[in-house]
Structure formats: structure tokens, C-alpha cells
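Chain A is fixed; fit chain B onto it per the hints.
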Amino acid sequence: MAQSAAPATVVPAITPISLKAIAPWAVFFGILMLVLLYFVGAEQGATAVISGEGVHEWVHDGRHLLGFPCH
Amino acid sequence: MNSISVRALLVRGMLAGLAAGVLALLVAYFLGESRVDAAIALEEAHSHHHDGGEELVSRTMQSTAGLATGVLVFGVAVGGIAALVFCYALGRIGRFGPRATAALIAGAALLAVYVVPFLKYPANPPAVGNPDTIGRRTALFFLMVALSVLLAVAAVILGRRLAPRLGNWNATVAASAAYVLLIGVSYVFLPSYNEVGKDFPAALLWEFRLSTLAVQATLWATFGLVFGALTERLLAPGTGTVAAGKSAANRAAAAAG
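Protein chains in written order, with our numbering: chain A, 73 to 143; chain B, 87 to 343.
Some hints here could point you the wrong way.
[Said to hold, decoys possible] To give a feel for the contact side, a few chain A residues facing chain B, derived at Cβ under 8 Å: (1) E125; (2) H136; (3) H143.
[Said to hold, decoys possible] Have a look at the derived ranges for each label pair, beta carbon to beta carbon: (4) B:A131 x A:V99: 45 to 51 Å; (5) A:G126 x B:N256: 52 to 58 Å; (6) B:S272 x A:T119: 19 to 25 Å; (7) B:V239 x A:E125: 34 to 40 Å.
[Stated by the list, open to error] Incomplete in silico selection of chain A near chain B, CB under 8 Å: (8) P88; (9) W97; (10) F101; (11) G102; (12) M105; (13) L108; (14) L109; (15) G117; (16) A120; (17) V121; (18) H132; (19) L137; (20) L138.
No lab work stands behind these hints: they were computed from the structure. The beta-carbon is built from N, C-alpha and C at its ideal position, and this holds for glycine as well.
Isolated chain A (complex conformation) (with noise of 0.2 Å):
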């Protein structure tokens, strides 16, 4: 849009990274990340999926000081 219409004397616009390349590692990678965080900020806390208390218990600093609700 606005980069297009700029003169070429100013820095030229960087072509911006294609969908297709980003769709794959974005849905890879960003469920992979989304997981780490629930491992992180909520699990034994509302949900469970391994039963216990030890994620909850190793994490608990963490947890309060990331700003996550944790109990």
C-alpha cells in the first residue's frame, strides 16, 4: 500500500515473507510454543492434564511472578 507508492530514492520497501512459507512452521511451532506456555501458566491449576501436583508445585514461583493465576 503506502510502501509502493513511495519515491525509490528513500529506503526501498522489504518484500515481506510469503504465507506459504510461514503457514507451516507457524502452526508447528506456534501449537509446540501455546503448549510450553499451558505447561507453564495453568496446568494443576484450573485443568490437569497429568494428574498431581508436582508441575504446579515446581512451577509455583514462576507462575506468580509471570502474573498467571495460580491458586
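Just chain B now, kept in the frame of chain A:
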């Protein structure tokens, strides 16, 4: 070329997130842990029915290795996600080079992912919070984060649409105002929780919440600067900035496209 470039950016994002996590961990340990300990001491002084038993994880482990696990994994995970956002945003949100794009994403993430949800559902130290409402509080917290992020993305799209008509400055102001307005409306309509005990020291609560803010500010500032430096080097090798010359920018474009 493209997929190599996405992979290279993702790796750099996770490394920058790890570095950011290390600094955030130092802030959490030195600013936050004393407040967590003070709150736990209050909690234990009040509930005598808490008959010890064996602790699953000792306080020492929680405040060192446990804290490090939480903060570092958080750093790597948000660094990876931010890198994916960067891959999409680079060259699409205006005439910003890699370093400026990284800084903008980090700043926007601090605001949209932490500060805005925090103003409605602030972090609570141990001893604050009713265990019976943890389910609802957790759901509302993540709902607020999701809402804030979606509205921030919508604001960026709106800003880009308005830019040709209003100019960049006014379009940014208008989109930001729309974001603030809708966040304000959601603050009003989402339920609030105040589960701070009457005898919980106000100063301790304030210091604890401020230290959680310091942890996040450190994390995102470090991430923005480190990731920006790494991507600038990756996408425009040999020059300080993309603006340094047309050839450098062309190389950046070739690397990105």
C-alpha cells in the same frame, strides 16, 4: 529461501527469548522472591490447619530451579511466537526495518499480552486468591489476554487501512483510540475479582505486582533489543541499518523474500 529464512528467524527468536528469560529471571529472583516469601510467611501464620506434611517441592527448589524453569521456558516460548509474528509483520506494517519491527512487536506484546490484562486481572502473590474460584479466574485471565491480542491485531489492520486516507500518524492515533475504547468496554463488562484479605499488607501487594511488571518489562525489552540486533544482522549483513544503502536493503529484501 523462504523457509530457510523463517527457520532462521524462529531460531533467533527462541534464542533472544532465552536471553530475555535470563535477565527476567534475575529480576524475578532479586525483586520478586522476597515478596513471594513474605506472602507465604503470612499465609502460613494464618492457616494453622495447613499441617505441614512433606512438601512436594521445597521452597528452595521453587525459588531457584523451579523459578528458572518457569521463566526460561516462558521466555523461549514467547520468543518463538514473537518471531513468527515478526515473520508476518516484516514489510507489512509500514516502512520499518527488521530492528524497528522487532522493537515494535516487543513493545506491542508487552502492552497487549501483559499490561492490558494485568490492569483488569493483576498478578496475585501467594495467600491472595480463593482456590474455589481458580477455574473462573484462569478462564477470564486467558480470555482477557486473547481479547487484548485480537483487538491489537484488529487495531493494526485498521491502522493500515486508514493510513492512505488519514496519513500514518492520524491513522495510528485513530486505531489506538479504537483499541483503548474497546478494551475499556471489555473492562466494564467482564467480572472483577477482589480476593485480597483485609489484613494483607497493601505495600506488599503493591510491591509484588510492581515486581511482576518489572519481570515482564525486562523480558520484552531484552527480547526486542536482542532479536532486533540478530535479525538486522541476518537480513542486512555488513551494515548497521537497512537504511544505510540501497544495496543493503535489496539484500535484505532478497533474504526475506
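Hint check:
Contact between A:E125 and chain B, as hinted, is supported at the beta carbon level, the nearest pair being about 6 Å apart and thus within 8 Å. The criterion of a C-beta within 8 Å of any C-beta in chain B is met by A:H136, whose closest approach is roughly 6 Å, and the hint holds. Satisfaction of the interface hint for A:H143 is found here, the shortest Cβ-Cβ separation to chain B being roughly 5 Å, below the 8 Å cut-off. For the hinted restraint 45 to 51 Å between B:A131 and A:V99, the CB-CB distance of approximately 49 Å keeps it satisfied.
For A:G126 and B:N256, the Cβ-Cβ distance of about 53 Å falls inside the hinted range of 52 to 58 Å, so the restraint holds. B:S272 and A:T119 have their C-beta atoms about 23 Å apart, which keeps the hinted 19 to 25 Å range intact. Checking the proposed 34 to 40 Å range against B:V239 and A:E125 shows it holds: the Cβ atoms sit about 36 Å from each other. Here the hint on A:P88 is kept, as its CB sits about 4 Å from the closest CB of chain B, short of 8 Å.
Contact between A:W97 and chain B, as hinted, is supported at the beta carbon level, the nearest pair being about 5 Å apart and thus within 8 Å. Restraint check, A:F101 versus chain B: the minimum CB separation of about 6 Å is within 8 Å; hint holds. A distance limit of 8 Å between C-beta atoms decides the matter here; for A:G102 the minimum to chain B is near 6 Å, and the interface restraint holds. At a threshold of 8 Å, the smallest CB-CB gap from A:M105 to chain B is about 4 Å, leaving the interface hint in force.
About 4 Å separates the beta-carbon of A:L108 from the nearest beta-carbon of chain B, less than 8 Å, and the hint is met. Proximity of A:L109 to chain B holds as hinted, the smallest CB-CB distance being about 5 Å (cut-off 8 Å). Annotation: interface hint on A:G117 holds; nearest CB of chain B at approximately 6 Å, less than 8 Å. This hint is violated: A:A120 has a C-beta 11 Å from the nearest C-beta of chain B, more than the 8 Å allowed.
The interface hint given for A:V121 is violated, since its Cβ lies 14 Å from the closest Cβ of chain B, which is over the 8 Å cut-off. At about 5 Å, the closest approach between the beta carbon of A:H132 and any beta carbon in chain B falls short of 8 Å, and the interface hint on this residue holds. Interface restraint check: A:L137 against chain B, minimum CB-CB distance 4 Å, threshold 8 Å, status holds. A hinted interface residue such as A:L138 counts as satisfied when its beta carbon comes closer than 8 Å to some beta carbon of chain B; here the least separation is about 6 Å, so the hint holds.
The structure fails to meet hints 16, 17 from the earlier list, while all remaining hints are met.
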